[in-house]
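Could you build the full structure based on these sequences and the hints that come with them?
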Amino acid sequence: MVAVSLCAIGVYNIPPIAGFSVPWPIVVVLGTTVSLMAGFKNSQVLVRSAEALQAFAQISASSRMLSRFCADFTDEPTMRMLVFRHIAWMTALRHCLRRPMPWESMGRKANAEFRKRYHIVEDTTSLTHELETLLGREAAAKILASGMLAAPLQLLDSQGHQINLLFRDARLPPQVYAELLKLMRDFHDQQARCDRIKNSPYPRQYAIVSSMFVAIFCTLLPFGAVPVFAEMSKLGGVWSVISIWLTIPFSALLGWMYMSLDQVGESTSNPFEGGANDVPISQICREIEIELRAAMGETELPAPLLPRNGIAT
Amino acid sequence: MVAVSLCAIGVYNIPPIAGFSVPWPIVVVLGTTVSLMAGFKNSQVLVRSAEALQAFAQISASSRMLSRFCADFTDEPTMRMLVFRHIAWMTALRHCLRRPMPWESMGRKANAEFRKRYHIVEDTTSLTHELETLLGREAAAKILASGMLAAPLQLLDSQGHQINLLFRDARLPPQVYAELLKLMRDFHDQQARCDRIKNSPYPRQYAIVSSMFVAIFCTLLPFGAVPVFAEMSKLGGVWSVISIWLTIPFSALLGWMYMSLDQVGESTSNPFEGGANDVPISQICREIEIELRAAMGETELPAPLLPRNGIAT
Amino acid sequence: MVAVSLCAIGVYNIPPIAGFSVPWPIVVVLGTTVSLMAGFKNSQVLVRSAEALQAFAQISASSRMLSRFCADFTDEPTMRMLVFRHIAWMTALRHCLRRPMPWESMGRKANAEFRKRYHIVEDTTSLTHELETLLGREAAAKILASGMLAAPLQLLDSQGHQINLLFRDARLPPQVYAELLKLMRDFHDQQARCDRIKNSPYPRQYAIVSSMFVAIFCTLLPFGAVPVFAEMSKLGGVWSVISIWLTIPFSALLGWMYMSLDQVGESTSNPFEGGANDVPISQICREIEIELRAAMGETELPAPLLPRNGIAT
Amino acid sequence: MVAVSLCAIGVYNIPPIAGFSVPWPIVVVLGTTVSLMAGFKNSQVLVRSAEALQAFAQISASSRMLSRFCADFTDEPTMRMLVFRHIAWMTALRHCLRRPMPWESMGRKANAEFRKRYHIVEDTTSLTHELETLLGREAAAKILASGMLAAPLQLLDSQGHQINLLFRDARLPPQVYAELLKLMRDFHDQQARCDRIKNSPYPRQYAIVSSMFVAIFCTLLPFGAVPVFAEMSKLGGVWSVISIWLTIPFSALLGWMYMSLDQVGESTSNPFEGGANDVPISQICREIEIELRAAMGETELPAPLLPRNGIAT
Amino acid sequence: MVAVSLCAIGVYNIPPIAGFSVPWPIVVVLGTTVSLMAGFKNSQVLVRSAEALQAFAQISASSRMLSRFCADFTDEPTMRMLVFRHIAWMTALRHCLRRPMPWESMGRKANAEFRKRYHIVEDTTSLTHELETLLGREAAAKILASGMLAAPLQLLDSQGHQINLLFRDARLPPQVYAELLKLMRDFHDQQARCDRIKNSPYPRQYAIVSSMFVAIFCTLLPFGAVPVFAEMSKLGGVWSVISIWLTIPFSALLGWMYMSLDQVGESTSNPFEGGANDVPISQICREIEIELRAAMGETELPAPLLPRNGIAT
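Residue numbers (numbering that gives the first Met the number 0), protein chains in the order written: chain A, 0 to 312; chain B, 0 to 312; chain C, 0 to 312; chain D, 0 to 312; chain E, 0 to 312.
Any given hint might turn out to be false.
No distinction is drawn between identical chains; accordingly, a pair holds when it is met within one copy or between any pair of copies.
Stated by the list, open to error - Think about it this way: if two alpha-carbon atoms lie no more than 30 Å apart in a straight line, the pair counts; the simulated DSBU-like pairs of lysine-lysine are:
(1) Lys115 with Lys197
(2) Lys141 with Lys197
(3) Lys197 with Lys108
(4) Lys181 with Lys197
Read the hints as simulated data drawn from the structure, not as lab findings.
This is how it looks when you write it as structure tokens:
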């Protein structure tokens, strides 16, 4: 903005083309349009973020019910296998969701820098290692055979298979089987929902038009502001010297505000990218894991993930 | 606003820099933007509040059905145990929801002061005590063993366990068991929903951008208004003396209005913080409790919670 | 508005303070803000109204299914008892929903006056009497024992009890019992929904901020309009005399329009208050009653409730 | 608009009151308000239309499932009876939905004229005749005994009755019975939804305020435009003569645009009125009918309803 | 835009009618209206696109569950038949959805040109051939007998028929049958949803009004800008010559921006038209196909469809 402002001042004063400016009404119309676009965009982007949060809230509720059914209707080893596989599913899911996508903004240098201030668990742990701890080396290898991306589905599928077998062998009452299928249905739905959010960015043409408007608005703003402040120099006194330079702080302030308005939406549009405004899926999954393990009577529980620098992940 | 206005008047009159002002069109663009931001923000925040209310309306409906099923299909002691545990769950839930969170505004002095005008039941009662009355000392201690935050889940889980056992022992017809599971599912869902609202504030960057715009608008407003009123002094008469001072009431009025527009959203963004605009969860839970106890034939019913100073809690 | 306009004209002309006016840009910003606030508010309020309508549409659909199941799977006296109790529930529900609430606007004199132009059935009938006709004196007295407000729940609860008993006594096939429970669940849900709308007004701080903006806009409007019309007097001719008085009709027209914009939302915000824009619950319930009675083979059917002066209630 | 514009030009030039005009800022504020109102109104009205479309999409899906179940689990004559009664229900439903309502705009002459360009099947067929073809004369007479409006419900009710009887006589497996009940539930729900849309217009006070704003905007517009164009006459040349007359095309163009903005919403607000923007219920029902008949092995199928002049009905 | 700008400059300078221009406030009002219309339109159109995406996410989740049930509860040949018919259904569905509709924009030359940069699988494969590979020549011919459009329904219907038969022959446990029916219900629903989106364009009158406003705004814009820039020529120097020509780049820039704002919505309004912003249904279906085939133990899997030039289809 400062560069553009200087440029605007220069153009206004360099003799041959002195006096160039952009009429205010254009700036006003653009300002209104920019606010509107940003308002609509931010609303729509918030919906994505809210939906991601809902999916994980739903997973919490269903996980608790799953744990209860396993404990009450299956024997100890089956229960442990089902619950650990469920934890493994959540682990695989969050690793997949945190993978980088081409349209996400985590690759940008500023974001990478900022990322050091908080801690994305998926950055420092390996899915392979976690699955081995949860399922044993052999099972983990089998699950990962068709790639990390397929792992969550493989796990859900095995889970469904085992539940079907329990029912076929008459080791589950039909009512409980029906309830477990509802839970499986829910896990499949929530996974499909998360995948949908992860795989389909907020339509790029929408985001680009919005950013373009902000850019043009910010470029024209100083050209519109220059003559207004220049006129003030007629007041004489100190103003005759400095007034025109006021263009710089003013344009910078307003430009920065409208740009941050646009950025705010950008920063929440990908709720699983590993940014500071992500849905805190690692934390939620850890909490569920602690609950499930405690319910099985384990005593060595993993520590809850605390926010670092106030940023929950 | 008065300070800023005085400052604006000062700057306008102090000789060396006399005549400084902000051009109106900037103020107009900012005003439009502020209205739009506030409008979108208030709409989004209202959704949170409405969702919280829905969750408790849903809990009401399900509680009534639970009570009916317990009375018709379980024996007296089982029914009492189930219903009292349900009341205990609601009690634990509202205590958890009313706990302070770092981003809530109840810590601010003005709010703490205002809080004396109404009565948040959770402020003056202890969860431990209430649970002991409902479940007996031993059971309460067990529930609270893993901390207050885990209490609602512990209670829901015990509830689920007992219902599962009843079914396993063939003391519930399958259809009724299926219905009870639907109710349990619903309680789990509503709890997850309330937790989601409690644990995830309205995105802070959205709120901050909105407040920032209001702040800048209110700062620039008097600087924009000064010359307009100053010009009126040319009319002579009384105006030549007082017109410029009109900046103060005008800026104060408008500034205050736009700030309250922004505040309105803020005040409903956390529907469980214990503020005057909270969803009245204590009152709703008390009403359900009265209904459930009356349905069990109890005669000593707790009194309904009446609004104090017109504020329902 | 006329008074304010006169005041504005006066202030503009009384010598010592002659020439006072409010700059137009302030009025423009306020106008935009007012439109936006009114737009958002009206949208949100419409949602309440639409939800109320949906609840009753849902009750219609479920009532028809209930009637069919009762006729096909229970004996004549049971069917009659269930259906009449269902009609009694709807009756009690609409009486409860039409009770006055402190924040509703029916107490205002203008509204009370206007109310004479249409007919709210609940004004001229007594719940006690209606219940006695439907259920017999004894049963009605029992239902009303715990107050009118508890009556709908009491009725739903008895309904649920009887259905449970029928199932316990093996007088209902399990599938049909499951369907009846779904219907009961639906009635409970719709009642909780209606109660939620009735008990929680549209957040008062939102409504107040919106009205405040309209009020201030309408107050400043004439002060902004006066100089514009005053200037026209320079045109000479007739204008020199009358132009300034044009402030009055103009301000009145615009002020009235913006006030009605704000009022439109107000008038639908409480869809059960007994106003002319209410959801026509009496009419809907009467239609359902006619259908249910006809389905039982009754021949003396109550007359449908026709709109009076085009206002359905 | 032309008349109003002429009037505005006249007033501006007739000597005694020459020079009258409306200040632009008023027009700007009004213009913004009108756009906002129209925007909100059109969004809300679109929801009604979209909901109507959804209802019929849902009916399509459920009809196909019904046909499948009937074919696989009932004998030939029962299947035919059920499927034909279902077609009869859709026929009765669309006849009811296409009946005129007092607030619909089909009575207006322009609309009636335009209606000749497309073809509403319900205009040229008689429900009685169609029902007789589908159900036989006797059954049709019985269904229509209580009036056309009650026919769809009568048909749904008979359908439910027959399905209940099939189950009572153990001619349907419980699982299939449960599925059929879900379909019946769905038909009841969709009918209630359509009836709700048909019987409750978009709130009239909302529509009126919006139209009022447009009307006032269009009236003031030429008065605001006159002086602007009049000033151009100072440029001399041809302009001194014609400039003021430019008010007419300009006001007409803008006025017509804002009026059509308002009209666009109006035209979709009643999606079953028989207008050119209706949800094409006749066409959808005909398609379902063809599918159902083909599935029963019929060979003489009715022709699909093609759009006439590009207007599907 | 350049042509219109030249025209505006011409009109402004040609002697007899020199000085013609459109007053700015008109342009400002139009600009605000255009932004609002575009904002609302883009929001509504995004909903269509999001819904299409949801439908396919839902199909993914349900397909996985179907595959699991088939593998666990049916014998090998039945499983293969069911799964292949399911893949055939998805194939037929995407071929139908990608067929051209009169209101879609793919026929336009620019779009056809651009289409060469990515690859719509349905353009280069034949439904007949694909169905023959999946189902065998005979079955494919039978399915296609009643036309391509009816193929998806025929396939779903056969699927339902076979599942019903399996249940009738007691080769499926009732619980599993119930689950399969839920999946069938879901496929029917998602198909009805996709058909609804495909068959009902975004209401044309809405789109037209919006485009009309943009067109008029862009036409009037240069006429409004000319005098503003013309005035700059008074500054002398270079400006006296070139200033007026600045109208062209400015009008072009702004006009192009507002037009692209309008176009952005247009480009997503038909999410199945085969454009670059389509929901990538071919890719999603291919992924499901790979999963289903891998789950059946096939080893020769089709390759996943990669985005071409960054455009997923």
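Each hint tested on the structure:
Both within a single protomer and between protomers do Lys115 and Lys197 lie at most 30 Å apart by alpha-carbon distance, with minima of 23 Å and 27 Å respectively. Taking the closest pair of Cα atoms, Lys141 and Lys197 come within 30 Å of each other only inside a single copy of the chain (25 Å); across copies the shortest separation is 40 Å, beyond that limit. Within a single copy, Lys197 and Lys108 get their C-alpha atoms as close as 22 Å, which meets the 30 Å cut-off; across copies the closest is 33 Å, which misses it. For the identical chains of this complex, Lys181 and Lys197 are neighbours both inside a copy (24 Å) and across copies (27 Å), given an alpha-carbon limit of 30 Å.
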